[in-house]
Amino acid sequence: MSVRAFPVTLAWFGKLPGHGDFLRSNQQGLLTQRLDQWLAQGLDLMATDSRWKQIYDQAKGTPFALFGVQGRAMLVGYLQPSTDLSGRRYPFVLTGAIDMDGAAGQWVLIPLLLERLWGDLEQLCRAAHDHAEPVRHLAEAAQREWQLVVDAAGQQAGWQDFLEDQTLGALEALLRRGGHPTMDLHRAMVALGLLLQPVPASGVSSLDRGLSLPLPDDPLYRAPVASFWLGLIAPFVSRGNFELSLHFGQDAGGGACLSVGFAGASASALQVMLDKLKAEELRVPLVAPDWVDGQLDEGFAMRKLSSYLRQPQLSLAQAVATFKECFLGE
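At position 63 of the sequence shown (counting the first as 1) the number is 63 in the UniProt record's numbering, and the numbers step up by one without a gap.
Hints in this document: simulated from the structure, not taken from any laboratory.
Fair warning: this is a prediction, and the values are worked out from it, not measured in the lab.
We put the beta carbon where it would ideally sit given N, CA and C, even for glycine.
One should not assume that every hint holds.
As the list claims (entries may be wrong) - Each pair of labels, with its calculated beta carbon distance range:
{"hint": "1", "residue 1": "Leu296", "residue 2": "Gln54", "range": "49 to 55 Å"}
{"hint": "2", "residue 1": "Gly29", "residue 2": "Glu298", "range": "50 to 56 Å"}
{"hint": "3", "residue 1": "Gly299", "residue 2": "Lys53", "range": "18 to 24 Å"}
{"hint": "4", "residue 1": "Ser238", "residue 2": "Glu280", "range": "34 to 40 Å"}
{"hint": "5", "residue 1": "Asp130", "residue 2": "Pro312", "range": "27 to 33 Å"}
{"hint": "6", "residue 1": "Glu280", "residue 2": "Asp57", "range": "38 to 44 Å"}
{"hint": "7", "residue 1": "Ser202", "residue 2": "Phe300", "range": "35 to 41 Å"}
{"hint": "8", "residue 1": "Arg88", "residue 2": "Leu314", "range": "52 to 58 Å"}
{"hint": "9", "residue 1": "Ala201", "residue 2": "Asp290", "range": "46 to 52 Å"}
Starting from the given sequences, assemble the full structure and let the hints guide the process.
Written as structure tokens, this is what we have:
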């Protein structure tokens with residue numbers, strides 16, 4: 001059977017308006033300690049900017065995931081900018097720890113696999129934020145059975161159908177209508193390949209800068225488009241020991257984006273979740289990267305890819321195959 005249920009272990013740490021001090025889950029001591037360190041280091045980094053309080057107050061809650069591309073452990077969560085009862089600023093993070101066992105290779109499909117769990121965590125996080133007795137509310141929620149149900153074969157088939165059925169022109173139009181009016185998918189795909197092509201031979205296991213990948217504002221298409229981007233990234237990092245961070249945010253123009261970091265649960269990863277301006281500095285935007293134009297005629301493989309990507313009727317599946325042929329020799 002391809003359908004499996006993976007237990008999800010809840011943990012939380014941070015501050016909420018209905019409580020006077022820090023809240024922490026009681027059972028997962030090591031995990032809450034790490035969450036404490038992560039949040040504290042991220043806030044310390046934010047505090048180097050004299051405007052950090054204004055930036056923090058404008059931040060929005062976001063779902064995220066932290067995982068190693070070679071491992072099977074994954075931390076899924078929802079980060080909520082918050083305060084305590086006295087108004088002291090400090091985020092609240094609600095997480096689910098998952099041992100994916102045999103599904104470790106499914107991380108490209110994370111946006112599809114985690115849609116429901118992310119929604120449940122967001123709902124619980126927001127409810128706790130507004131609750132007069134958040135400690136009791138969270139404790140009661142933790143007593144429920146939490147699971148991630150994975151239909152690996154079904155979701156893989158559905159995603160493959162998406163790649164076969166959707167065209168470059170349709171996706172570009174979807175992104176332009178959905179908050180990215182200058183979207184240029186041709187340039188974006190070439191830029192992604194040029195940025196990541198040196199990685200496999202470099203021997204590195206982390207990168208200082210990540211990627212900001214445009215997403216449509218239509219929730220129906222957000223997860224499959226996010227997986228489309230991850231499918232392009234995967235071959236460049238899957239053989240290394242990269243720790244990835246993913247979260248859904250907004251780019252400089254206010255459009256939805258998938259933010260991908262290559263340094264795991266770093267302080268800068270948290271800072272990017274809370275500070276949109278810092279995200280512009282630490283994530284390379286791929287909406288209309290015209291800096292690639294001078295390299296579009298360099299070699300047969302690049303000319304072929306560039307020619308293919310200019311055909312709006314080309315399926316995403318064929319575009320991905322030609323992309324891999326150009327940058328990976330596959």
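Outcome of the hint check:
no.	hint	result
1	Leu296 with Gln54: 49 to 55 Å	violated (41 Å)
2	Gly29 with Glu298: 50 to 56 Å	holds (54 Å)
3	Gly299 with Lys53: 18 to 24 Å	violated (50 Å)
4	Ser238 with Glu280: 34 to 40 Å	violated (28 Å)
5	Asp130 with Pro312: 27 to 33 Å	violated (46 Å)
6	Glu280 with Asp57: 38 to 44 Å	violated (19 Å)
7	Ser202 with Phe300: 35 to 41 Å	violated (25 Å)
8	Arg88 with Leu314: 52 to 58 Å	holds (53 Å)
9	Ala201 with Asp290: 46 to 52 Å	violated (27 Å)
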